[in-house]
Amino acid sequence: MGQDSVRAKVIMSEKNLRVELVAADRSVWSGDAKMVVAKTVEGEIGLLAGHEPMLAILGSGEVRITLPTGESIKATAADGFISVEHDVVTIFAGQAQLA
Amino acid sequence: MGAQLRVYRQKIKSAQTTKKITRAMELISASRIYKAQQRLAAANPYSRAITRAVSAVATFSNIDHPLTTEPKEIRRSAVVIFTSDRGLAGAFSSNVMKESEQLTQLLREQGKDVSYYLVGRKSVGFFSFRKRAAIRSWTGGTDLPVFTTAQEIAEAVVNAFNLGYEDGGVDEIHLVYNKFVSMISQEPQVVRLLPLEIVEGVSKPEANEVFPLYEFEPDASKVLDALLPVYIESRIFNAMLQSAAAEHAARQKAMKSATENADKLIKNYTRLSNSARQSEITQQISEIVGGADALVDTSDKE
Numbered sequence: 001m002g003q004d005s006v007r008a009k010v011i012m013s014e015k016n017l018r019v020e021l022v023a024a025d026r027s028v029w030s031g032d033a034k035m036v037v038a039k040t041v042e043g044e045i046g047l048l049a050g051h052e053p054m055l056a057i058l059g060s061g062e063v064r065i066t067l068p069t070g071e072s073i074k075a076t077a078a079d080g081f082i083s084v085e086h087d088v089v090t091i092f093a094g095q096a097q098l099a
Numbered sequence: 001m002g003a004q005l006r007v008y009r010q011k012i013k014s015a016q017t018t019k020k021i022t023r024a025m026e027l028i029s030a031s032r033i034y035k036a037q038q039r040l041a042a043a044n045p046y047s048r049a050i051t052r053a054v055s056a057v058a059t060f061s062n063i064d065h066p067l068t069t070e071p072k073e074i075r076r077s078a079v080v081i082f083t084s085d086r087g088l089a090g091a092f093s094s095n096v097m098k099e100s101e102q103l104t105q106l107l108r109e110q111g112k113d114v115s116y117y118l119v120g121r122k123s124v125g126f127f128s129f130r131k132r133a134a135i136r137s138w139t140g141g142t143d144l145p146v147f148t149t150a151q152e153i154a155e156a157v158v159n160a161f162n163l164g165y166e167d168g169g170v171d172e173i174h175l176v177y178n179k180f181v182s183m184i185s186q187e188p189q190v191v192r193l194l195p196l197e198i199v200e201g202v203s204k205p206e207a208n209e210v211f212p213l214y215e216f217e218p219d220a221s222k223v224l225d226a227l228l229p230v231y232i233e234s235r236i237f238n239a240m241l242q243s244a245a246a247e248h249a250a251r252q253k254a255m256k257s258a259t260e261n262a263d264k265l266i267k268n269y270t271r272l273s274n275s276a277r278q279s280e281i282t283q284q285i286s287e288i289v290g291g292a293d294a295l296v297d298t299s300d301k302e
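Each protein sequence line maps, in turn, to chains A and B.
First residue of the first sequence: 1, per our numbering; consecutive thereafter.
First residue of the second sequence: 1, per our numbering; consecutive thereafter.
Just so you know, these hints were derived from the structure itself, not from any lab.
Among these hints, one or two may not hold up.
Unchecked claim - Now the in silico label distances, taken between C-beta atoms and shown as ranges:
hint : chain 1 : residue 1 : chain 2 : residue 2 : range
1    : A       : Thr76     : B       : Leu144    : 35 to 45 Å
2    : B       : His65     : A       : Thr76     : 26 to 36 Å
3    : B       : Arg130    : A       : Ser72     : 34 to 44 Å
To be verified - Computed list of chain A residues with no C-beta within reach of chain B, every gap over 12 Å:
hint : residue
4    : Gly43
5    : Met54
6    : Thr66
7    : Thr76
8    : Asp79
Claimed, not checked - Listed below are the simulated SDA-like cross-link pairs for lysine to any residue, each with C-alpha atoms no more than 20 Å apart in a straight line:
hint : chain 1 : residue 1 : chain 2 : residue 2
9    : A       : Lys39     : B       : Lys179
10   : B       : Lys72     : A       : Lys39
11   : B       : Lys98     : B       : Arg86
12   : B       : Lys179    : B       : Ser61
13   : B       : Lys222    : B       : Ser61
14   : B       : Lys35     : A       : Ser27
15   : B       : Lys19     : A       : Leu48
16   : A       : Lys39     : B       : Lys222
17   : B       : Lys253    : B       : Ser61
18   : B       : Lys13     : B       : Ser275
19   : B       : Lys222    : A       : Ser27
20   : B       : Lys264    : B       : Thr18
21   : B       : Lys222    : B       : Thr18
22   : B       : Lys222    : A       : Glu42
What you are looking at is a predicted structure, and each value in this text was computed from that prediction instead of being measured.
Ideal Cβ placement from N, Cα and C applies to all residues, glycine included.
Looking at chain A on its own, in the form it has when it is part of the complex (with noise of 0.2 Å):
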C-alpha cells in the first residue's frame, strides 16, 4: 500500500464513520457514515467520528443513519446494543431492519 493511501485512510477516518447494523441472523446494513442517531434507554444519542468508545444498551425504536453523502437511511432496531470503538459502530440488535 502506497504512502498515499494511508495517508488518505487516516484523513478518511477521521472524517467518516464505520457502521455496521446486525440483526441476530444476518448483516442488515454496512458502509461508511457521517452520523448516527439511535436511541438508547437513556434517551438519544448522536454520534460522530472521534467519540469516545461506548457500549449502550439501545431502545427499541429508530436507528438514523447520515451517509457522507448527505443521504440518510433508516433503520428500527429492537432488543439490542450499541458499541463505539476507533470509529467504527457497531449496532446489534436480536431484531432489526431497514425501515
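Position chain B against the provided structure of chain A, taking the given hints into account.
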C-alpha cells in the same frame, strides 16, 4: 419365468426404488448444506459483535456478575443436547448422544446431578425409550433453526441457572452439539456455557484498576446484565446453526453411501438373475434334448 428369477427381479426393482429415494435425499441435503452454511455465516457478525462487547465490559470494568462467577460448589449441571428431528443422517444423532452419555458419566463421577434439556426429536426419542426424564424439550425445525427458539432455550437455561439448587436450579450448563467442520466431517462438541469462563484472550482486571475511558450507558453493571443473556442466546443459536449444517452434511454423506450400496446390490442381483435365467435356459434345452432322445429311442424300437 422361474421362481428364482422372479425373486431376483423383485429385489432389483426394490433396490432401484430405494436408490431413487436416497439419491433425491442426497441432492436435497447437498443444496441445504449450502443454505445452512450461509445462515451460519450470516449470523457471524452478530455473535462477533456480542463477543467483542462482552470482552469490552470484562476489560474495562470490574463487575462481578452471577453469570460469570464460579459457584462455590457445583451440585447440579444442566446438559443441553442438540440432535436432529429426522433420522437417515448416519451417526449424526447417535454421536451426540454418545458424547452426552460420556459427559453425564463424568459429571456423575464428580458427584453432580444432571438435568437435561433436549433439542430435536431424536434426543427426545432416545430419552423416552429409556424412560428418562428431561426438564424441557424443543422439537421441530432443527434443520432450519430460528432465533426465537434459541431465545426460548436461553431463557429456560438462564432461569434454571438463577434458581437455587433447592428449587431445582442448576450451577453449570453444558452444550453438546455437532460442529460443522467440513462437508465430510462433523465433530461432536461439548462446551461449558455457564458460568462463562473465557472471554477471548482477556485477563480479568484487578478490583481497583483504573480503566481507560470507556463509557457505559446506563452503567457497566446494567449493560452486563443485559448483555450476558444475549451472549448466551447467540451461543445457543450458533450451536443450533452448526448442528443444522452438520445434520445436512451428515445426511448427504449417509445418503451418498446408501445410493452406492443400492448400486452394488442392483449389480449383484442382476448378475444372479442372469445366471438364474441362463441355468433355466440350459435346463429347458437339456429337457428338450432329453425328450427328443427318448422319442428317437422309442421310434427306433418300432
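Results of checking the hints against the structure:
no. : hint                              : verdict
1   : Thr76(A) to Leu144(B): 35 to 45 Å : 25 Å, violated
2   : His65(B) to Thr76(A): 26 to 36 Å  : 29 Å, holds
3   : Arg130(B) to Ser72(A): 34 to 44 Å : 59 Å, violated
4   : Gly43                             : 9 Å, violated
5   : Met54                             : 4 Å, violated
6   : Thr66                             : 21 Å, holds
7   : Thr76                             : 16 Å, holds
8   : Asp79                             : 8 Å, violated
9   : Lys39(A) to Lys179(B)             : 37 Å, violated
10  : Lys72(B) to Lys39(A)              : 40 Å, violated
11  : Lys98(B) to Arg86(B)              : 17 Å, holds
12  : Lys179(B) to Ser61(B)             : 33 Å, violated
13  : Lys222(B) to Ser61(B)             : 12 Å, holds
14  : Lys35(B) to Ser27(A)              : 16 Å, holds
15  : Lys19(B) to Leu48(A)              : 62 Å, violated
16  : Lys39(A) to Lys222(B)             : 16 Å, holds
17  : Lys253(B) to Ser61(B)             : 48 Å, violated
18  : Lys13(B) to Ser275(B)             : 17 Å, holds
19  : Lys222(B) to Ser27(A)             : 26 Å, violated
20  : Lys264(B) to Thr18(B)             : 12 Å, holds
21  : Lys222(B) to Thr18(B)             : 58 Å, violated
22  : Lys222(B) to Glu42(A)             : 12 Å, holds
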